[in-house]
Amino acid sequence: MPNKHFVSADQVTPAFADQLIARAEAFKAGAEPQLTQPVYASNLFFEASTRTHTSFEMAERKLGMTVIPFDPTHSSVTKGETLEDTLRTIAAIGVNVAVIRHPEDAYYTPLIAADVPLHLMNAGDGAGQHPSQMMLDLMTIHEEFGHFAGLRVGIVGDLAHSRVARSDMAMLTKLGAQVTFSGPKAWYTADFAEYGPYVPLKELVPQVDVLMLLRVQLERLTEAETREFSAANYHAQFGLTEELAATMPKQAIIMHPAPVNRDVELASSLVTGPQSRIFTQMKNGVFMRMAMLEWLFK
Amino acid sequence: MPNKHFVSADQVTPAFADQLIARAEAFKAGAEPQLTQPVYASNLFFEASTRTHTSFEMAERKLGMTVIPFDPTHSSVTKGETLEDTLRTIAAIGVNVAVIRHPEDAYYTPLIAADVPLHLMNAGDGAGQHPSQMMLDLMTIHEEFGHFAGLRVGIVGDLAHSRVARSDMAMLTKLGAQVTFSGPKAWYTADFAEYGPYVPLKELVPQVDVLMLLRVQLERLTEAETREFSAANYHAQFGLTEELAATMPKQAIIMHPAPVNRDVELASSLVTGPQSRIFTQMKNGVFMRMAMLEWLFK
Amino acid sequence: MPNKHFVSADQVTPAFADQLIARAEAFKAGAEPQLTQPVYASNLFFEASTRTHTSFEMAERKLGMTVIPFDPTHSSVTKGETLEDTLRTIAAIGVNVAVIRHPEDAYYTPLIAADVPLHLMNAGDGAGQHPSQMMLDLMTIHEEFGHFAGLRVGIVGDLAHSRVARSDMAMLTKLGAQVTFSGPKAWYTADFAEYGPYVPLKELVPQVDVLMLLRVQLERLTEAETREFSAANYHAQFGLTEELAATMPKQAIIMHPAPVNRDVELASSLVTGPQSRIFTQMKNGVFMRMAMLEWLFK
Numbered sequence: 660m661p662n663k664h665f666v667s668a669d670q671v672t673p674a675f676a677d678q679l680i681a682r683a684e685a686f687k688a689g690a691e692p693q694l695t696q697p698v699y700a701s702n703l704f705f706e707a708s709t710r711t712h713t714s715f716e717m718a719e720r721k722l723g724m725t726v727i728p729f730d731p732t733h734s735s736v737t738k739g740e741t742l743e744d745t746l747r748t749i750a751a752i753g754v755n756v757a758v759i760r761h762p763e764d765a766y767y768t769p770l771i772a773a774d775v776p777l778h779l780m781n782a783g784d785g786a787g788q789h790p791s792q793m794m795l796d797l798m799t800i801h802e803e804f805g806h807f808a809g810l811r812v813g814i815v816g817d818l819a820h821s822r823v824a825r826s827d828m829a830m831l832t833k834l835g836a837q838v839t840f841s842g843p844k845a846w847y848t849a850d851f852a853e854y855g856p857y858v859p860l861k862e863l864v865p866q867v868d869v870l871m872l873l874r875v876q877l878e879r880l881t882e883a884e885t886r887e888f889s890a891a892n893y894h895a896q897f898g899l900t901e902e903l904a905a906t907m908p909k910q911a912i913i914m915h916p917a918p919v920n921r922d923v924e925l926a927s928s929l930v931t932g933p934q935s936r937i938f939t940q941m942k943n944g945v946f947m948r949m950a951m952l953e954w955l956f957k
Numbered sequence: 660m661p662n663k664h665f666v667s668a669d670q671v672t673p674a675f676a677d678q679l680i681a682r683a684e685a686f687k688a689g690a691e692p693q694l695t696q697p698v699y700a701s702n703l704f705f706e707a708s709t710r711t712h713t714s715f716e717m718a719e720r721k722l723g724m725t726v727i728p729f730d731p732t733h734s735s736v737t738k739g740e741t742l743e744d745t746l747r748t749i750a751a752i753g754v755n756v757a758v759i760r761h762p763e764d765a766y767y768t769p770l771i772a773a774d775v776p777l778h779l780m781n782a783g784d785g786a787g788q789h790p791s792q793m794m795l796d797l798m799t800i801h802e803e804f805g806h807f808a809g810l811r812v813g814i815v816g817d818l819a820h821s822r823v824a825r826s827d828m829a830m831l832t833k834l835g836a837q838v839t840f841s842g843p844k845a846w847y848t849a850d851f852a853e854y855g856p857y858v859p860l861k862e863l864v865p866q867v868d869v870l871m872l873l874r875v876q877l878e879r880l881t882e883a884e885t886r887e888f889s890a891a892n893y894h895a896q897f898g899l900t901e902e903l904a905a906t907m908p909k910q911a912i913i914m915h916p917a918p919v920n921r922d923v924e925l926a927s928s929l930v931t932g933p934q935s936r937i938f939t940q941m942k943n944g945v946f947m948r949m950a951m952l953e954w955l956f957k
Numbered sequence: 660m661p662n663k664h665f666v667s668a669d670q671v672t673p674a675f676a677d678q679l680i681a682r683a684e685a686f687k688a689g690a691e692p693q694l695t696q697p698v699y700a701s702n703l704f705f706e707a708s709t710r711t712h713t714s715f716e717m718a719e720r721k722l723g724m725t726v727i728p729f730d731p732t733h734s735s736v737t738k739g740e741t742l743e744d745t746l747r748t749i750a751a752i753g754v755n756v757a758v759i760r761h762p763e764d765a766y767y768t769p770l771i772a773a774d775v776p777l778h779l780m781n782a783g784d785g786a787g788q789h790p791s792q793m794m795l796d797l798m799t800i801h802e803e804f805g806h807f808a809g810l811r812v813g814i815v816g817d818l819a820h821s822r823v824a825r826s827d828m829a830m831l832t833k834l835g836a837q838v839t840f841s842g843p844k845a846w847y848t849a850d851f852a853e854y855g856p857y858v859p860l861k862e863l864v865p866q867v868d869v870l871m872l873l874r875v876q877l878e879r880l881t882e883a884e885t886r887e888f889s890a891a892n893y894h895a896q897f898g899l900t901e902e903l904a905a906t907m908p909k910q911a912i913i914m915h916p917a918p919v920n921r922d923v924e925l926a927s928s929l930v931t932g933p934q935s936r937i938f939t940q941m942k943n944g945v946f947m948r949m950a951m952l953e954w955l956f957k
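Protein chains in written order, with this note's numbering: chain B, 660 to 957; chain S, 660 to 957; chain P, 660 to 957.
These are calculated hints, taken from the structure and not from any lab test.
Using N, Cα and C, we set each Cβ at its ideal position, and we do this for glycine too.
Check each hint, because a few of them may be wrong.
[Unchecked claim] Label pairs and their computed distance ranges (CB to CB):
{"hint": "1", "chain 1": "S", "residue 1": "L877", "chain 2": "B", "residue 2": "E887", "range": "58 to 68 angstroms"}
{"hint": "2", "chain 1": "B", "residue 1": "A786", "chain 2": "P", "residue 2": "P762", "range": "50 to 60 angstroms"}
{"hint": "3", "chain 1": "P", "residue 1": "A690", "chain 2": "S", "residue 2": "E902", "range": "20 to 30 angstroms"}
{"hint": "4", "chain 1": "B", "residue 1": "A786", "chain 2": "P", "residue 2": "G835", "range": "36 to 46 angstroms"}
{"hint": "5", "chain 1": "B", "residue 1": "P697", "chain 2": "S", "residue 2": "Q896", "range": "19 to 29 angstroms"}
{"hint": "6", "chain 1": "B", "residue 1": "P843", "chain 2": "S", "residue 2": "P728", "range": "51 to 61 angstroms"}
{"hint": "7", "chain 1": "B", "residue 1": "E887", "chain 2": "S", "residue 2": "L694", "range": "35 to 45 angstroms"}
[Said to hold, decoys possible] Derived BS3-like pairs: lysine-lysine, alpha-carbon spacing no greater than 27 angstroms straight-line:
{"hint": "8", "chain 1": "B", "residue 1": "K957", "chain 2": "P", "residue 2": "K687"}
{"hint": "9", "chain 1": "S", "residue 1": "K942", "chain 2": "P", "residue 2": "K663"}
{"hint": "10", "chain 1": "P", "residue 1": "K861", "chain 2": "P", "residue 2": "K942"}
{"hint": "11", "chain 1": "S", "residue 1": "K663", "chain 2": "B", "residue 2": "K687"}
{"hint": "12", "chain 1": "S", "residue 1": "K721", "chain 2": "P", "residue 2": "K942"}
{"hint": "13", "chain 1": "P", "residue 1": "K909", "chain 2": "P", "residue 2": "K957"}
{"hint": "14", "chain 1": "B", "residue 1": "K909", "chain 2": "B", "residue 2": "K663"}
{"hint": "15", "chain 1": "B", "residue 1": "K957", "chain 2": "P", "residue 2": "K942"}
{"hint": "16", "chain 1": "B", "residue 1": "K957", "chain 2": "B", "residue 2": "K909"}
{"hint": "17", "chain 1": "S", "residue 1": "K957", "chain 2": "B", "residue 2": "K942"}
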């Protein structure tokens with residue numbers, strides 16, 4: 660039997676999304692995992708990402724997996740080994756699933772083509788996919804509203820650098836939600852226009868059910884963008900200020916993939932406010948990753 | 660119920676010290692831990708500290724906790740996240756207790772004010788507190804003598820940079836011990852004078868029950884201090900040489916928070932000698948940390 | 660009872676090698692480990708080595724040991740602590756076995772002389788010993804042929820920098836195999852000549868049962884060697900090309916300690932080809948390390 664992989668948001672049909680959300684919600688309600696054999700997992704983070712890394716570590720342990728530590732920054736990769744050979748090595752050592760974060764887009768395509776003998780779980784690739792983040796976003800929305808059809812979702816901010824925005828908009832559209840965009844207009848490129856209109860932030864906020872704020876990825880800005888960037892200006896023009904938040908519908912929720920730049924994407928006081936689901940997203944992330952990892956072994 | 664924290668030596672009353680020492684001694688004698696629920700722990704070391712880190716890792720496992728690794732040097736902290744948000748994140752992920760070492764004095768005060776939703780255990784802050792080191796020192800003295808009242812404790816060396824010296828002198832005084840100080844006189848500042856006199860080392864050594872040697876923290880010296888520092892000179896003037904050690908009372912013990920600079924604070928041959936309790940301190944550290952961590956969940 | 664250590668290939672008599680191979684093969688076939696007490700292990704890697712580190716991590720967990728993480732690059736070693744004191748510390752904390760990789764040749768000699776109170780397992784020292792690599796090589800050959808006597812083993816390549824080549828040639832000779840060498844002639848020094856002749860690669864390949872290719876350790880070459888080195892030239896002159904591989908006997912196997920430099924030591928297509936045992940070596944490494952670690956506690 661070939662190994663199953665979870666590498667791309669494109670794998671997720673609406674029916675599969677429903678199935679994963681149902682399983683993750685069951686885990687959150689206390690369901691027991693159903694792994695029928697001992698599983699050894701390794702997390703290969705070639706890029707720093709605290710919350711994703713820690714979340715997978717927790718999910719693996721809650722599933723009863725044994726986690727074998729692997730630090731790519733101390734690895735043979737630095738001795739010129741190919742990623743394929745690194746994975747063949749840890750598979751030979753007995754690791755059954757590799758959770759990988761890597762700076763290169765679609766790093767997993769040649770690995771799957773080479774038929775590496777273990778399961779792959781993509782924890783983010785370059786500016787490409789981040790399927791577990793998309794799935795925990797969907798779960799958080801589903802948990803709140805019970806459905807997706809007709810929901811008004813505003814996605815605001817650093818669209819250009821966001822791997823999450825692209826997957827989320829595509830999947831939410833498939834699921835029947837209406838997506839609109841805001842933030843700096845230069846970041847609203849043609850691929851977003853296919854999915855929904857650009858709306859000035861002051862018009863958008865009073866009309867949403869879900870306000871997804873994207874992180875300004877300061878570390879990915881070009882030199883010129885960095886020179887021009889001012890946190891205070893961004894906040895005033897494109898951030899969710901306290902004043903603006905007061906115009907949100909009462910049932911609406913605020914989401915953010917984190918880490919948050921407080922007083923940039925949103926006012927610091929809103930981070931733990933009643934409409935914020937930012938830490939709920941993180942909590943849900945563990946249960947969703949449990950569902951995704953368990954699926955690999957079904 | 661609010662979360663309990665163990666952040667400061669100031670929390671420790673003499674009665675509480677007795678209770679923790681009794682529990683740690685019970686663990687050393689083989690008592691079973693009494694955690695009534697699964698506990699997930701993370702160790703956030705923003706500063707290097709092998710022995711404290713490893714000791715907590717061991718204590719957590721001996722208590723049956725699951726340890727979720729977290730490397731702050733690879734973390735979102737480097738993407739500008741606040742410490743509060745990092746802790747809210749790992750709490751959302753399911754971590755129940757964070758053991759933290761941080762270079763900033765009293766880093767925990769704003770965290771507790773913000774009511775972060777998990778237990779905090781301070782493993783050392785800047786030049787401030789290091790309560791688990793104080794407690795393992797007390798345990799080691801108690802184990803040796805069975806009491807504190809009337810014990811003569813000499814604290815020698817780098818008082819100025821020692822977070823341990825301050826807590827130890829205060830607590831030992833409360834418990835009825837008599838504290839005296841020695842070492843370079845420039846490091847004997849007014850706050851120490853309140854607790855006990857300065858005594859030249861040759862007079863001090865023959866009169867002690869406990870000789871606490873402090874580590875010369877070369878990495879914290881000023882540039883000028885570093886230029887002037889000579890290991891051989893320090894050892895001759897302020898170190899415990901073999902000759903001087905011969906004048907110690909037979910029942911007296913040598914303590915040191917480690918890592919030791921051999922042939923600086925004390926002669927190399929004394930490190931594993933019959934009066935040394937340096938490795939006993941480390942052994943006791945695990946049992947004391949078990950008692951402190953268990954207390955958080957009682 | 661003094662602690663047992665496994666530090667050198669010189670400890671391994673032919674009878675002991677047979678015993679370890681039998682035990683490792685039993686583990687591979689599903690035998691249960693026989694540790695009669697809880698064991699705490701720490702892996703101290705002062706040099707990067709993914710596969711060895713990960714392999715020991717797996718072996719320890721499969722034996723049921725508890726692994727206490729220890730990162731020497733964040734350790735008190737950087738505060739000037741001696742290696743002896745680091746080991747005394749982790750022993751005091753409760754660690755029973757330290758698996759160590761260290762850049763210094765025979766780093767373990769003073770530790771054993773000082774009688775450090777825990778078991779030592781050498782995972783490689785400088786250009787010296789690497790007993791677990793030797794043992795997994797022997798296991799892989801034994802698994803293939805069922806014996807050593809009369810086997811023709813060709814060892815090819817970077818003899819000068821290889822800690823494995825020296826142990827392997829000595830042990831294989833003791834076990835009755837015939838060793839020959841090839842590769843750049845400058846690396847075939849007098850100590851190798853004692854064990855077997857130098858044979859040009861084209862003559863060697865058709866005559867072997869086992870072809871052991873050694874990694875070109877680019878990171879250990881001198882500056883002059885690095886300037887002169889060309890991967891394509893090395894491959895053409897001293898590498899196993901596809902053409903040359905076609906002249907190998909059908910029953911012969913290809914071994915390599917990895918990480919492989921593809922298209923340097925051997926053609927990329929051969930790495931996972933039918934005669935390659937490279938990933939078998941890694942798989943066997945876990946079972947052999949289980950046998951070696953278990954032996955420490957027998």
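Open item on the list: So, against the hints stated earlier in the document, which numbers end up violated here?
Closed with: Violated hints (numbers, rising): 1, 2, 3, 4, 5, 6, 7, 10, 12, 13, 14, 16; every other hint is consistent with the structure.
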